[in-house]
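Student: Sequence:
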Amino acid sequence: MAFAPISPLTIDGLPKFLSMTYHHFINWAIYTFVELGLADRLIHAQLDTGLTIEEIVNNDKQKWNNDLLKRILNVCVYGGIVKLINDDKHFILTESGQMMTSDHPSHVRDLIRFMFGSVLTNASLQFHKIVYNQTDDKVDSFDMFTLLNKCNDKEFLSIYNGAMTTMSIEAGIKLVDGIDFSRFKTIVDLGGNRGTFLAQILKKYSNIQYGIVFDLSPIINEVNNGEEFISREVSNDKWGFISGDMLDFATIPLADAYILKHILHGFNDNKCLKVLSSIRQANENKKNSLITIFIVEHIIFPEGATSNWQTYGLDMAMAILTDNARERTQYEYEDLLNKTGWKFIKLYPIQAPNSVIEAQFYC
13 MAFAPISPLT
23 IDGLPKFLSM
33 TYHHFINWAI
43 YTFVELGLAD
53 RLIHAQLDTG
63 LTIEEIVNND
73 KQKWNNDLLK
83 RILNVCVYGG
93 IVKLINDDKH
103 FILTESGQMM
113 TSDHPSHVRD
123 LIRFMFGSVL
133 TNASLQFHKI
143 VYNQTDDKVD
153 SFDMFTLLNK
163 CNDKEFLSIY
173 NGAMTTMSIE
183 AGIKLVDGID
193 FSRFKTIVDL
203 GGNRGTFLAQ
213 ILKKYSNIQY
223 GIVFDLSPII
233 NEVNNGEEFI
243 SREVSNDKWG
253 FISGDMLDFA
263 TIPLADAYIL
273 KHILHGFNDN
283 KCLKVLSSIR
293 QANENKKNSL
303 ITIFIVEHII
313 FPEGATSNWQ
323 TYGLDMAMAI
333 LTDNARERTQ
343 YEYEDLLNKT
353 GWKFIKLYPI
363 QAPNSVIEAQ
373 FYC
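Residue numbers for the sequence shown, in our numbering: 13 to 375.
Hints listed in this document are in silico derivations from the structure and should not be mistaken for laboratory results. Hints may be right or wrong, so weigh each one.
Said to hold, decoys possible - No farther apart than 30 angstroms at their CA atoms in a straight line, the calculated lysine-lysine pairs in the DSS-like style are these:
#  : residue 1 : residue 2
1  : K298      : K286
2  : K141      : K283
3  : K141      : K186
4  : K250      : K166
5  : K283      : K299
6  : K286      : K250
7  : K162      : K283
8  : K283      : K186
9  : K250      : K215
10 : K250      : K186
The task is simple: from the sequences and hints, build the whole structure.
Tutor: And the structure:
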């Protein structure tokens, strides 16, 4: 069989795909570095001398494969999380590597363990069967929220909660500064996890009387110590945790304002309508009151927007993680709001790819 000759244009395009492959290999090494807790060992290295492989493993010599460990660290040098000091045998953490310790407040270690761990990896490997089912057998979609609601694995819950904290820290500062939350007395962060975003709000706007973190029972049971509020010196009488289901209006606490940060993108349209309706139903007995919601999401902007590559990437992740979940355009969110009686007020394109939609209804 004769093959057509490979054109120079085809060959010129190969480096992009090979580069993608090499980056994937580096991700393997970084995930292994994180999973083994190597940053917790290297954090004790003197910056001028570093640690050798033998010093890193210390008293666990029988358990470690020193050759593989050395090779992993060599890769992590190019991943920017460790660096060699003095020679090719002594290692120290970079600033990025220091963020991977188990007690770092950024929870970067949890983020990497969550994003590259077995749960998400296994779900992604089944995604093609959801897109195109080559058999007559029904292929069930993975649903992260169903897993979390029934999860008894405390380690996985801890990893998930930490990963969500990382995302809240990254997005929080500009979002908090970009919106005037001082006009509210009470705020509920629906699906608020550890309360990182709400704590940032209460820290900046001291006139807010009370804030509530609302989430599923398994999550609240793991995170209700309030460390995000305590670390920011928010008074204990200004915050609390309540467990429930945002699809059940009877469990949603009353408030002047509600935050839905990275929540609606995890639901299909029908569930989004149910969530938005539930918030209204929870407040239906209030009279002469203005209720406000803030939807924080990656918004798909018209083609050409520089942030769309991130939004479309996250759209794939949501499709893998939850049944028919998706990122949406501003107008798709407006349609959901209109169908549930909310009035669209404004879009705040504060920190691409994150944007905030404000909507209201009057009781």
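Student: Going through the numbered hints above, which ones does this structure break? Give me the numbers in ascending order.
Tutor: 3
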